Amino acid sequence: MRPFVALSMGFLFGVGLALSGMTDTHKVIGFLDVAGSWDSDLLWVMGSALAVSFGLTPLILKRSAPVFAATFSLPARSDIDTRLVFGAVLFGCGWGLFGYCPGPAIVALPVGDTSTLVFVAGMILGMGLTQLTPPPTAEQAGNQPV
Amino acid sequence: MSLPLFPILGGLLIGTASMGLLLLLGRVAGISGIFWAAITGPDRGWRWLFITGLLLAGLTLHSFDSVPIPDAPAGPIWLAGFAGVLVGVGTRIGSGCTSGHGVCGIGRRSQRSFTATLVFMGTGIAIVYLTRHVLSWLA
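Here the protein sequences line up with chains A and B, keeping their order. At position 29 of the first sequence (counting the first as 1) the number is 28 in numbering that gives the first Met the number 0, and the numbers step up by one without a gap. At position 100 of the second sequence (counting the first as 1) the number is 99 in numbering that gives the first Met the number 0, and the numbers step up by one without a gap.
Warning: the hint list may mix true and false statements.
Using 20 angstroms as the maximum straight-line C-alpha spacing, the simulated SDA-like pairs for lysine to any residue come out as follows [claimed, not checked]:
#1 A/Lys61 with A/Ser72
#2 A/Lys26 with B/Leu48
#3 A/Lys26 with B/Ala73
Output of the computed footprint for chain B on chain A, the stretches with three or more beta carbons under 8 angstroms from beta carbons of chain B [unchecked claim]:
#4 30-42
#5 72-81
Since the hints were derived computationally from the structure, they do not count as laboratory data. Keep in mind it's a predicted model, so treat the numbers as computed, not measured. Note that the Cβ used here is the ideal one computed from N, Cα and C, for glycine as well.
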């Protein structure tokens, strides 16, 4: 059951991204371009996704365990540190420069544009580069990537 | 004004898939984290299946007439690689992206995710303003 769940939730998530137009970098740049001809679509996508997650997350986490796993695997940290903010700044720079965040770039891969492939290759390289920095401290190790 | 049907429907699907993954497998649907751990492990199996689901969605959806194939991204090829590196480094150091922080994290009322989302959105807006309106580059 677990493999089916993972595959179908990935598919559903990807359908959401493709259907909403988020695989189109021009639409994403259009949303970030508040001084140009602003495209509100990303706000609607984010708003309706958040309506579901904000409403359902507390109800789901009231359960003692997920349906097909022993425990919930959630990030443990709650402090706001410089790594978090610095990382978000770098991510925002890349996002604003080209218009892809990780999800839409992966969903757009089968469309077959070379630049999408180059972006994802760059992303893997960038993720690998972070392995060269000092390893997280003990508390940070409790922080699972989301 | 008419409501943007596809963005709302797409957002509801994204939210539903995220909540399905949390309820059924107890996992956060953060794509940068799932993607990297699918490569490096541990527990790669379900993560590859999730990524496969994303790819299958792109493959099937964009073959429908009503979901047009997106235009090729604007900008030179080196920019695609450079932006990719920034997104890769940033999402690892910052522990997440639009999905993990923006949808799932805020859904959990996480202050870290709320902060990260404000910062990457603000930075994205600033970068687009800088490249398109100040430098008039990529305009």
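Against the structure, the hints come out as follows:
| no. | hint | result |
| --- | --- | --- |
| 1 | A/Lys61 with A/Ser72 | holds, 14 angstroms |
| 2 | A/Lys26 with B/Leu48 | violated, 28 angstroms |
| 3 | A/Lys26 with B/Ala73 | holds, 11 angstroms |
| 4 | 30-42 | holds (count 8) |
| 5 | 72-81 | holds (count 7) |
The structure fails hint 2 only (numbered hints given earlier).
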